[in-house]
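S.K.: Take the sequences, apply the hints, and build the full model.
Protein chains: 2
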Amino acid sequence: MPNMYDSAYDLEKAVRESEEFQGLKSAFEAVMNDPSAKQMFENFRDTQMELQQKQMQGEEITEEEVEKARQVVEVVQQHADISKLMEQEQRLNMVINDISRIITKPLEELYGAQEEPTE
Amino acid sequence: MPNMYDSAYDLEKAVRESEEFQGLKSAFEAVMNDPSAKQMFENFRDTQMELQQKQMQGEEITEEEVEKARQVVEVVQQHADISKLMEQEQRLNMVINDISRIITKPLEELYGAQEEPTE
Ligand SMILES: [Ca+2]
Ligand SMILES: [Ca+2]
Numbered sequence: 001m002p003n004m005y006d007s008a009y010d011l012e013k014a015v016r017e018s019e020e021f022q023g024l025k026s027a028f029e030a031v032m033n034d035p036s037a038k039q040m041f042e043n044f045r046d047t048q049m050e051l052q053q054k055q056m057q058g059e060e061i062t063e064e065e066v067e068k069a070r071q072v073v074e075v076v077q078q079h080a081d082i083s084k085l086m087e088q089e090q091r092l093n094m095v096i097n098d099i100s101r102i103i104t105k106p107l108e109e110l111y112g113a114q115e116e117p118t119e
Numbered sequence: 001m002p003n004m005y006d007s008a009y010d011l012e013k014a015v016r017e018s019e020e021f022q023g024l025k026s027a028f029e030a031v032m033n034d035p036s037a038k039q040m041f042e043n044f045r046d047t048q049m050e051l052q053q054k055q056m057q058g059e060e061i062t063e064e065e066v067e068k069a070r071q072v073v074e075v076v077q078q079h080a081d082i083s084k085l086m087e088q089e090q091r092l093n094m095v096i097n098d099i100s101r102i103i104t105k106p107l108e109e110l111y112g113a114q115e116e117p118t119e
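So the sequence lines, in the order shown, correspond to chains L and R. When the first sequence is numbered by full-length UniProt numbering, its final residue is 119 and no position is left out of the sequence of numbers. When the second sequence is numbered by full-length UniProt numbering, its final residue is 119 and no position is left out of the sequence of numbers.
Each hint should be verified, as a subset may be incorrect.
It does not matter which identical chain is meant; a pair holds if it fits inside one copy or across any two.
Restricting the straight-line Cα-Cα distance to at most 25 Å, the calculated cross-link-like pairs of lysine-lysine (BS3-like) are [said to hold, decoys possible]:
| no. | residue 1 | residue 2 |
| --- | --- | --- |
| 1 | Lys54 | Lys68 |
| 2 | Lys105 | Lys13 |
| 3 | Lys105 | Lys25 |
| 4 | Lys13 | Lys25 |
| 5 | Lys38 | Lys84 |
| 6 | Lys38 | Lys105 |
| 7 | Lys84 | Lys105 |
Just so you know, these hints were derived from the structure itself, not from any lab. Small disclaimer: the values here were computed from a predicted structure and weren't measured.
M.R.: Right under this line is the structure:
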């Protein structure tokens, strides 16, 4: 029986060599090697991060901010390389979420099994 | 090269059979099979969850609430079975955090490498 760390390093290797990660890497490099796409993408990221931070801190998000974010999303979605990158990110994120659920299943079973059904 | 899902299931098996998970399982079952310890532990969990939720929503936490939480922690820490359970939880959490960091390293390298050093 391999130990958890050995298995984790095997999984890291599988992630690194996966079609999903390689696709993300290519899409990311395409954007990063194009200065105007890079700028647009980073602007999008910064806007998203700002809104997320406000949300986490329970701060009010104004209509103007929502509108600005909507516009930034619209612009990046029309950029072929950036929308490709966002697609690849979503694809790998889904896999990473699946993986997290798989490896924490023992914990979920342990805690879930003992919880009262009414909760 | 095994695919990501095969590797993830191998890792799940390694987690499930690990000393860390088996230790947590025993400690958890000891508390759950003792009605008064179970009640105490769930009270502790509920108090923690309430405070976390308030914090996440940016709500004010009163001095009374901090004091109540401190007392609940003190009580459970003096209960041998519960403090054992909390220790085992921390131990497994540290491993799970390590594992997460290992398997998301390819992503961290990809995004980190292209970020401007001044940020
Ligand atoms: Ca930046
Ligand atoms: Ca409960």
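S.K.: Go through the copies and call it for Lys13 and Lys25: within, between, both or neither, with a Cα cutoff of 25 Å.
M.R.: within (15 Å within a copy, 30 Å between copies)
S.K.: Under a CA distance limit of 25 Å, which applies to Lys38 and Lys84: within one copy, between copies, both, or neither?
M.R.: Result: close within a single copy only, 13 Å intra versus 50 Å inter.
S.K.: Up to 25 Å between alpha-carbons, please classify Lys105 paired with Lys25: within, between, both or neither.
M.R.: between (29 Å within a copy, 13 Å between copies)
S.K.: Is the C-alpha distance from Lys84 to Lys105 at most 25 Å within one copy, between copies, in both cases, or in neither?
M.R.: So Lys84 and Lys105 pass the 25 Å test across copies only (22 Å; inside, 32 Å).
S.K.: Can you tell me if Lys105 and Lys13 fall within 25 Å by alpha carbon in one copy, between copies, both or neither?
M.R.: Both. Shortest intra-copy (21 Å) and inter-copy (10 Å) distances satisfy the 25 Å Cα cut-off.
S.K.: Is it within, between, both or neither when you check Lys38 against Lys105 at 25 Å Cα-Cα?
M.R.: Classified as between; 22 Å across copies, 38 Å inside a copy.
S.K.: At 25 Å max between alpha carbons, let me know whether Lys54 reaches Lys68 within a copy, between copies, both or neither.
M.R.: within (15 Å within a copy, 29 Å between copies)
The structure fails none of the hints (numbered hints given earlier).
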